[in-house]
Structures are given as structure tokens and as C-alpha cells.
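Let the hints inform the model, and build the full structure from the sequences given.
In mature numbering (1 follows the signal peptide of the UniProt record, and there is no 0), the protein residues as written are -20 to -1, 1 to 497.
FYI, nobody ran anything at the bench for these hints, they're computed from the structure.
Quantities reported herein were computed from a predicted structural model and do not represent experimental measurements.
Do not take every clue at face value.
Unchecked claim - Dumping the calculated DSS-like pairs for lysine-lysine here, alpha-carbon to alpha-carbon at most 30 Å:
| id | residue 1 | residue 2 |
| --- | --- | --- |
| 1 | K159 | K213 |
| 2 | K262 | K310 |
| 3 | K231 | K106 |
| 4 | K106 | K157 |
| 5 | K262 | K48 |
| 6 | K157 | K194 |
| 7 | K78 | K26 |
| 8 | K120 | K64 |
| 9 | K280 | K120 |
| 10 | K32 | K280 |
| 11 | K335 | K244 |
| 12 | K196 | K160 |
| 13 | K262 | K280 |
| 14 | K208 | K160 |
| 15 | K48 | K64 |
| 16 | K213 | K262 |
| 17 | K106 | K120 |
| 18 | K399 | K78 |
| 19 | K262 | K244 |
| 20 | K32 | K106 |
| 21 | K208 | K123 |
| 22 | K121 | K78 |
| 23 | K280 | K345 |
| 24 | K213 | K194 |
| 25 | K121 | K160 |
| 26 | K244 | K194 |
| 27 | K48 | K208 |
| 28 | K200 | K106 |
| 29 | K244 | K157 |
| 30 | K121 | K208 |
| 31 | K106 | K121 |
| 32 | K48 | K231 |
| 33 | K280 | K78 |
| 34 | K120 | K70 |
| 35 | K213 | K48 |
| 36 | K157 | K123 |
| 37 | K106 | K280 |
| 38 | K310 | K399 |
| 39 | K78 | K231 |
| 40 | K32 | K213 |
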Amino acid sequence: MGLLSFIFLLVICLLQGSNTSLVRLNDNGYEGIIFAIDPRVPEDEKIIEQIKDMVTTASIYLFEATEKRFFFKNVSILIPNNWKENPLYKRPKHESYKHADVLVAPPTLPGRDEPYTRQFTACEEKGEYIHFTPDFVLGKKEKEYGPSDRLFVHEWAHLRWGVFDEYNEDAPFYSAKSKKIEATRCSTGITGLNRVHKCQGNSCTTRGCRIDSKTKLYEKDCQFFPDKDQTEKASIMFMQGINSVVEFCNKENHNREAPSIQNKLCNFRSTWEVISNSEDFKNTTSLVAPPPPPVFSLLKIRERIVCLVLDKSGSMNGFNRLNRMNQAAKHFLLQTIENGSWVGMVHFDSTAYIKSNLIQIISSKERNNLLESLPTTANGGTSICAGIKSAFQVIGEIYPQIDGSEIVLLTDGEDNTAKNCIGEVKQSGAIIHLIALGPSADQAVIEMSTITGINTQQHILSHHMDHTRTHYFSLGSQWNTNEKFHSGHSFQNGLSQDSRNCKGKQLAFRLPPTFVL
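Now the structure itself:
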């Protein structure tokens, strides 16, 4: 395979977009959390209100559980395209199903509403996402799983800090050094009874557990039932639903004897020891004042709106830049942009030329029509601002609210007048994806992308070609109205096949959202 073919193979794969979470910690508060409601979930505005209530209460519980260190600052709720319109719903910018931290989706198996975190990682590594079912969010499963706010904090600890459960369904009991049979738990201060509880029809019986002669532990059907009244404060990763439990197990009260998943995967360290070793913890100190309540944004999934803004100025003749720009645009149009999206095209030199108003991509016909509009010659001066303003005009003819639309700017960036429209770009709310076709992009052009783009993007490949570094970028879907969730299984059920292509390739590191091609 030639180098150019290899590069384009990477482009096809990596233009699909990153699944990376957008969560960031800012002044002790978690920002950029995304709850995404699956399009298969029947419309019910109570789900939105219940998410708000759950997160608001969970924020206080998290704050106290982490010694007044962390809280939930702002949360976006992605609402499916097939739910009815509401003036409170805004258009997403960077938020998408691919970036979702919490999925509200139908159960993986009918009748199985267990909340879980998709976590196939080592100790201290972040999980992929949390899965809640609609019935769980609506409070219909509280009897089985306890208060949703506390359980959200339990799952958040899995997701954010890479800790694990302090129970083990495969090893619910163990023989302690005290010669007693103990329930797998943390801490051992949680009191309770070991019982066999069976029901047949409307009749239930409860009896004491018998010892299995082979295992020397309690029989298979034996369960640990915690006492209703408790004083022990730990641990959230064992049974957060117990009223007294408000802390994680720490170095002093951690049960290192228990065959818990936390002990097995985290080398017998307590959950609080793992959390205390996280970058979140190292970069913060405890707060004195209580945190503010979370701020929520309601975002409605809609069709993607993109305008290609292509540089055809004279400087694009150098180093084969015009041809390379067209190759990148071709791959975007043929391989990346989804059916249902709206795409327009603008060329610019010292002035701008609208080559295609927004057209909806239905089939290959629309894609090929756009390909025919790619520039074939390069001459004249450079006015990036003219190109961007024309893109605003193209978008505004169908969508007066430009906020959340996207401009893909392909240019060598050599324009010292670009600073004249930075304010207009920022005020527009549009997202500028900059692909710099050369090493001399003006700082103002880079700033346009930085102030409107995602804080970190993927810089994939560097190759010296015609004295210009070649980088490829992620310009995949910000949202996809037809996207299907891939629901994994709980940790205990083992790794399931993930359908997201190109995942796991060790090719990327983070850079500001500017790309040289």
C-alpha cells in the first residue's frame, strides 16, 4: 500500500469522529457531562425532569462523599430527533451520542433494568459510559436498585475514576481469618443476616443458610441481607442505598480479605485510595462553601448543517495544495458526511463565490453534484473573512439560527486580514473546523477554530511532503439522527463486540483544533 493510500485509509477511518468524553473538571465542578436519550425511548418529558432531579441531588451526595471536593456543574441532555419540538430545546454543537457519558436506553435484555457502567479497563482507567433504562430514570425500579441519585454517584465512580464494585456475585462469601464465613463487602461494619429467601407464586419462605460440604462456604442460594438500621458510613461501591452509607472505603476501613472485584483489579487498594490518586484529586482542594446546583442544557438532535469553505487563492498553487485540498474535500463528501445532512459550498480568493446553496444529502447524486463544484484553478488574493461571511449567508437562507452549524475551512491560512471577522465568528455560534494546508496559517485563523471548536482534537499523522507537514483530523458526525446505540454488558458478563469501527488504534494524541495538511 502506498503512503498516500495509507493516509487516506486513516482519513476514512478517523473522519468518523472520536468517542471521547467531553467532561472536564473546572474549579472542582464537572462540566460537559452528556446524558443522551436513545431515539427508541418513547417520548416522555418526565424523563428529562427526572434526570435533572437525579443529578441535582447526586451532586450534593458526591460533594459530601469526596470530602467537599467534587460536584456536577453543568449537564447537557440530548433529546432525540423524533421527539416533538420545544422552544427550550437548542441545537447541539459538539455534543453527540458518540460523546455521551450516560445513555438512557431500553434494556439490553427485556426486563433487565440493571444500571451499569461499560467498563472493560484496568484499575484507575476511565470507563466508556453509564447505561440507565427509562424505567430506572423514572423511579420505577427504586425498590430493586435504591435511590437513583446515590446509584448515579456509584456509577460515576466507575466511569470517572476506574474503581470497581466491592461485592462479587460470583464469590458472595469467603472464609475470613477469624474462621467465620463473611459476606463479600466493604466495610465489614455493615451488619446483616445470611439467609436463603425463595418465592413460589405469592408464597415466600426465608431460612438460615447451610454450609456446603465441598466449598466450606454457604450454599449457592444464600444471600446477605443488610440490617435496616446501620451506622457504618462505607462504602458507596458496596451498597450505596443504605441510608448511613455516605463515604467510600478508605485505607483504614477497607476489607482486604474479601474477594471483591475492587480487590482483584486494584491490587487490594480501597476505592478512596484509587480516587485519591486520580488527576482530578491531585488538581483540586476541598471547598469551603457548598457548590451551586447543576446547570442543564436541553439539546435537540437535528440534521447536520455544514458549509465547505475552500481556498482558491494564488498561494494554493504551491506544493500541490489545491489538489490535496480537493482530495480531502472529496473524502469528506463521499465517506464522512451522513445522509440527511445539509451541505453547501463556498470558494474564495480576494472575494467569495457561492458554488452551492445547502442541499440535503439523500444519495450519491447530491454528493457527486458537490464534487463537480470543487475548484479547478487557483489565483488571486486571499480573504478568509469573505468566505466565512458567505458561508453564513448560505446557512442562513434555510436556517436563520446559525448557532450550532459547522463550517469546514480548508485554506493555507495566509491572510493577515482574518482578524477583522473574529468577533463575528465568535458571536455566530457556528463551529469552525480549520484544515490548514501549509505551515504559515495566520494566528487569527487559528483563533477562529480555537474559540468555536472542541478544546482538544486528534492530530493523527505527520509526514514531510513538499516541505509541508501533513496532518489529518477528526470531522465526524457531531450528531446522527439515525445512530443506534451499542449497549454492552456488565463487567461480570464479559467483553462484548463493540461495533464502533476504528476503535482502539493507538494513533492519536491531543492538539489544539488546528490541522495542517
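Run the structure past the numbered hints and jot down the numbers of the failing ones, going up.
Checked against the structure, the hints that fail are numbers 2, 4, 11, 13, 15, 18, 24, 25, 28, 36 and 39, while the rest are satisfied.
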